[in-house]
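Given chain E, work out where chain Z should sit, using these hints.
As you go down the protein sequences, you meet chains E and Z in turn.
Going by the working numbering, the first residue of the first sequence is number 2, and it counts up by one from there.
Going by the working numbering, the first residue of the second sequence is number 2, and it counts up by one from there.
By construction, these hints were calculated from the structure, which means they are not laboratory data.
These figures come from a predicted structure and were not determined experimentally.
Be careful, since some hints might not be right.
The list treats identical chains as interchangeable, and a pair is accepted whether it falls inside one copy or across any two copies.
Restricting the straight-line Cα-Cα distance to at most 20 Å, the calculated cross-link-like pairs of lysine to aspartate or glutamate (EDC-like) are [stated by the list, open to error]:
no., residue 1, residue 2
1, Lys412, Asp435
2, Lys76, Asp356
3, Lys76, Glu43
4, Lys267, Asp358
5, Lys117, Glu98
6, Lys76, Glu65
7, Lys217, Asp498
8, Lys40, Asp328
9, Lys327, Asp455
10, Lys106, Glu133
11, Lys117, Glu132
12, Lys525, Glu232
13, Lys76, Asp158
14, Lys387, Glu330
15, Lys217, Asp445
16, Lys117, Glu173
17, Lys279, Asp356
18, Lys279, Glu197
There are 2 protein chains.
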Amino acid sequence: MGKQESPQKTEGGGGKGQADASITPRSQDYSQWYLDIIKQAELADYSAVRGCMVIRPHGYAIWEKMQRELDDRFKATGHQNAYFPLFIPLSFMAREEEHAAGFAKECAVVTHHRLKNIDGTVQVDPDSKLEEPLVVRPTSETIIWNAYRNWIQSYRDLPLLINQWANVVRWELRTRLFLRTAEFLWQEGHTAHASEAEAIEEVRRMLDVYADFAEKVMAVPVIKGHKTPGERFAGALDTLCIEAMMQDGKALQSGTSHYLGQNFSKAADVKFLSREGKLEYVYATSWGVSTRLIGALIMTHSDDNGLILPPKLAPIHVVIVPIYRKDDERARVLDEAAKVQAELRAQGLSVRLDDRDTLQPGAKFYEWEMKGVPVRIEIGPKDLEKGVLCVVRRFVQERDGEAQEELRKRKKTFTPRAEAIAGMRELLDGMQRDLYERARVMRDRRTRIIDTLDDFEKFFKHEGGGFAWVHWAGSPEQEEELSRRFETTIRCIPLDDQIPEGARGAGVCILTGKPSPQRVIMAKAY
Amino acid sequence: MGKQESPQKTEGGGGKGQADASITPRSQDYSQWYLDIIKQAELADYSAVRGCMVIRPHGYAIWEKMQRELDDRFKATGHQNAYFPLFIPLSFMAREEEHAAGFAKECAVVTHHRLKNIDGTVQVDPDSKLEEPLVVRPTSETIIWNAYRNWIQSYRDLPLLINQWANVVRWELRTRLFLRTAEFLWQEGHTAHASEAEAIEEVRRMLDVYADFAEKVMAVPVIKGHKTPGERFAGALDTLCIEAMMQDGKALQSGTSHYLGQNFSKAADVKFLSREGKLEYVYATSWGVSTRLIGALIMTHSDDNGLILPPKLAPIHVVIVPIYRKDDERARVLDEAAKVQAELRAQGLSVRLDDRDTLQPGAKFYEWEMKGVPVRIEIGPKDLEKGVLCVVRRFVQERDGEAQEELRKRKKTFTPRAEAIAGMRELLDGMQRDLYERARVMRDRRTRIIDTLDDFEKFFKHEGGGFAWVHWAGSPEQEEELSRRFETTIRCIPLDDQIPEGARGAGVCILTGKPSPQRVIMAKAY
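Pulled out of the complex, with its shape left as it was, chain E reads as follows (with noise of 0.2 Å):
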C-alpha cells in the first residue's frame, strides 16, 4: 500500500479537487456539467460558424470505434457502402412534397460558384449565380432515389442494399455539442425492394442491428417503438426508433429507420420489372445515426469526474502511469512500464504508456480520468519489488449500502503482476457489463406505469420524470397541450415484445377516458 505515501500523487480518484474546480456536479447544473465534460475531455470545440461544431481527437477516435462497430454490422447484413454528391438540386427536393415540406426550414443552400476582389475585399461574384441553388444535403434520399433509377431494372437488380458514410447540414437555430448541430456525421442507409414485406423486415432488421449495438457495446439500453404519425421522417410512411434514458430522466432518439414505401421510387420515376413481368415501382427504406450518438453516451455513463466509457468504445483501454523520483528508478519503472504494455498489447487491448515528463502523475490521473479510460496502472518502484501493479478502475459499480472506503478500495487494487495482466479482458468485460447495468436499473428506476393524469403531474412535476407507460387517445392538438405543460411528448409506441408484463394490455386515455389498445412512452426528451 506504499502508494499514497508518494508526494508526487494525489488520493485515490485522482485529482478530484481539480475536477471540481473544472466541471459543474451534475446536481447543480445538468446542462453544464454536460458542456464540461465535452470540454475537459476534449471531446468538441464549438467552431467560428454557426452551429457547427470541430470534433477533437479524443471525440473522433470515439467516433471511428463506433464507425467500425457498425459498419462490420451493416456488411455482415448485406449492405455496401457507396458515396452520393453533398449538392441537390432544388428541383429534387421538391419532388416529394412532405419530404421538402420537412426539410425546407434548415436548408443550407448554394446560389453561386466563384468569389472576386471586389474594392480590395473578397466577396462573392454576382456574375457566378447558379441557374439552379443546390441545397446542401439534409439526408440523402432524393438525389440517392435520382441515381437508382440508373441501377434498378429487373428483380434481379434488387434488393439493392447501400449504406453511406457523410456529412449532412440542418440549419438547426439552437443547437448543442453533439445533440443538434447544424452539421453533423452520420450514416444513412438506402436500401430497395421488390416487396413491401422485404422493405419491412429490412427497417426491423437495421432496427435490431442499432438496439444490439446501443446495448452491447454503448452499454446504452434502449426500447425499440414506432413513432406517432406527427413525429415521422418526412416522407416515410413509418418511423421505428430506438429510445435511450439520459441520467436526468430525459429521452434521447437514438437511431430511427423509416418504411418509404413507395413515396421516393415514384417521386424519382424508378421502376422494376417483376419476376411476372410487371412493371412495379420499387420499395424503399432508409436508416441512420448519427454523432448525436456521442451525446448519448457521455449523458448515460459519465460522472462528475469526467468521461466514462465503456470498454469497447474506449480508444484507449488502459493507461500506464510510470512513479518515480531518482534516475534510477526511472529507467526501472520505465522498463517494466514498456514490459506491461507489451504484454497488454499482445493481448490485442490498446494501451498508451503516459512516459511524458512535463506531467506529474496526479496531472496524468486527472486527464485520463477526465478522458474516461477505464483502467490507470500506477506502476513505482515499490510495485516492482512486490511484484504488483497497481490497478485502478475508471467505475466501480456501486453496491447497496456501501461504505465510501470499501468502494475506494475496490476501484483501487494491488494484485499480483501476472495476475493483473491475465485478468485484464476480463476486468473490462466486467465493466462493460456493469456499466449497461447500471445505466439499466437507473432507467427502470425511473419508470413508471401512469394510470391517472394526477399520477402523471406528480411524476413530472414533483418525483424528476422519466419514461410513463401511459395509455394515450388524445387529439394532436390534445397532445400538443399536454405537451406545453408538462414538456413531454410520445417517445414512441413501443414495439410488443418491449412491453413490460405490468404494462400490456389495452386500456383508456389519461386524459380522455377513450379506450387505448396499448400503453405508450411518454417523457421529456432531447
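Below, chain Z alone, put in the same frame as chain E:
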C-alpha cells in the same frame, strides 16, 4: 482439361467478345477506354449535379481499402484524426491573400439557409440570407488554423499532428471522373510545429508515406520532387509531390505535401510560448491525397478487358464460380466451393462464392474480370473427380517473345487442390510484385534524358512522349510558351535520390542554353 468442353463456358479470358463490345480499346481512344472501365466495372457515375460523381459500391470499396492502408500509416507516424466544419466564413478565406486568390474561382458559396413555398413552387427564401456567406471548403487550412488558436499555447502543445478525412468542393469547369470533380473525397493532414526544421521534416515524412503507399500498395512507381513556384499550393512556401506515369505516357500528380511556413499561423494569429519563453508564430504543414488515386490506379494497371487491381487494394481477392449442369452436380460442386471458400478465408483472404442462379458462368467470368478480381477459381464436377482447382489469374506478366498460347496456359492452370489453396497468398503477392514491375518498366521505357529542343520535339510529337529529364532555366513566360507548343509542364524538380545515374549534375537549358543546376521532369499531365 475438361473445362473447355462445358457449353456454359466461354473461351479463355472469359467473355472477350462481350468485353470488346463494351470497352473501347486503349489503342483506339484512351480517354474513352478510361470512362468505359469506370462505367463497366461500376466504379462511379456522373450525378445530376454538375461535375459531382456518385462513387458506386465497387469504387467505394477500393477507396475504403486505400483509406485503411493510409490511415494505419498516418497513425503509425503519430497522427490523430479529427473533424472540422464543412463551411468556412468568407472572411476566413480572405485572411491569407495568396490562398484566397488561388481558390476564389472555384468556390461553392452558401448564401441562404431556408427554402419556402412561393406561388406553389419550392424556392430559396429571400428572407433567409446569411449575414456572412459561407464557402464550402475547397481545403481546410483557414478553418483549422482558426481552431488551432485555441489549442496551442506553448511548446508543450506541439507538435500537433492532425488528419481529417472529408469531402471538399472545387467548382471545376472541366471535370473527369475521379481525376477532377467538383466534389471529391480526400484526407488532409494539418500539422503545427515549434520550428521550421521540424515542420520541413514532417513535410518529407508524409511525402515518403505517400510514396511508400503508392509503390507498395497501389503498385504504382512514383518520382518524388518539388513543384516549381508557379505550381505550388496557394499559400505554401514549398510543395512536394509524387508523380506517376499513366499508360498513355502522361503524368498524374498523386499526392502533395506542403510546407506552409508561418503564413497560416500569422493569418489566424496562432502563437506559442517557446521553451525559451518567447512568443512565436507556429510553423505549419499540410498534405493530402484524394479519390483521384482511383483514377491513377485504373490508368496504371487496367487493360482492354477491364479493371486490374493490385491484390492489396482488391475488395475481393478470389471469386469462386461453380460450374454444373445437373442438380446432383450442383449440390456437390457448391459443397466443395463452400469448403474452398472457407479454407481461403481462414488465410485472411476476401473470397466471394458467386452462387447466383440467374447468371451463366460465362457472364460471371466476364463480370469479375471486368471488376478486376485478381483470381478466379472455377469448380466443376471433373475438377472434383481429379482433385484439382482451375485457377485463372486476372493478370500475368508477359515474357519477351512469348506465344499467346503460352501466356494463356500460365494464366489458367489446373493445380492440385491443396497446393492451389496453400499457394494462394504467394500467387497474390507475386501478382502485386509483377504489377509494380510492369508499371516501372513501362515508365522507364517512356522516360528519356533529353538535351536538345529537337529531341524534345521528336519525343513529344513523334514518339508518344513520356517523362523527359531536361535542363531548364527559362522564364515563366518561356515555360508557358513551351507548354503551348507541346502541352508539357514541369512536373517536378526531383529530389536528389530520385535522379537516375545518367541524369545527374548541372547542364544547360534546352531552350535558352543558360546554365541549370539539375534536371527537371517535363511531361504532359492530367
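Quick one: Lys387 to Glu330, C-alpha cut-off 20 Å, is that within a copy, between copies, both, or neither? within (15 Å within a copy, 68 Å between copies)
If the cutoff is 20 Å on CA atoms, where do Lys117 and Glu98 land: within, between, both or neither? Let me know, please. So Lys117 and Glu98 pass the 20 Å test across copies only (12 Å; inside, 37 Å).
When no copy is specified for Lys40 and Asp328, does a C-alpha distance of 20 Å or less occur within a copy, between copies, both, or neither? neither (36 Å within a copy, 65 Å between copies)
Identical-chain pair category, Lys412 with Asp435, by Cα at 20 Å: Classified as within: same-chain Cα gap 13 Å, cross-chain 57 Å, threshold 20 Å.
Using 20 Å as the alpha-carbon threshold, which applies to Lys117 and Glu173: within, between, both, or neither? between (29 Å within a copy, 16 Å between copies)
Within a copy, between copies, both or neither: which one fits Lys217 and Asp445 at a CA-CA cutoff of 20 Å? within (18 Å within a copy, 55 Å between copies)
From the Cα coordinates, with 20 Å as the cut-off, is the pair Lys117 and Glu132 best called within, between, both, or neither? both (19 Å within a copy, 18 Å between copies)
Under a CA distance limit of 20 Å, which applies to Lys267 and Asp358: within one copy, between copies, both, or neither? The answer is neither: 64 Å in one copy and 30 Å across copies each exceed 20 Å.
Pop the pair Lys279 and Glu197 into one bin, within, between, both or neither, using alpha-carbon distances up to 20 Å. within (16 Å within a copy, 69 Å between copies)
When Cα atoms must be at most 20 Å apart, do Lys106 and Glu133 count as within-copy, between-copy, both, or neither? Intra 18 Å, inter 19 Å, cutoff 20 Å: intra and inter.
Quick one: Lys525 to Glu232, C-alpha cut-off 20 Å, is that within a copy, between copies, both, or neither? The answer is within: 14 Å in one copy meets 20 Å, while 57 Å across copies does not.
Identical-chain pair category, Lys76 with Asp158, by Cα at 20 Å: So Lys76 and Asp158 pass the 20 Å test inside one copy only (18 Å; across, 39 Å).
In this structure, the hints that do not hold are numbers 4, 8, 9, 17, in rising order.
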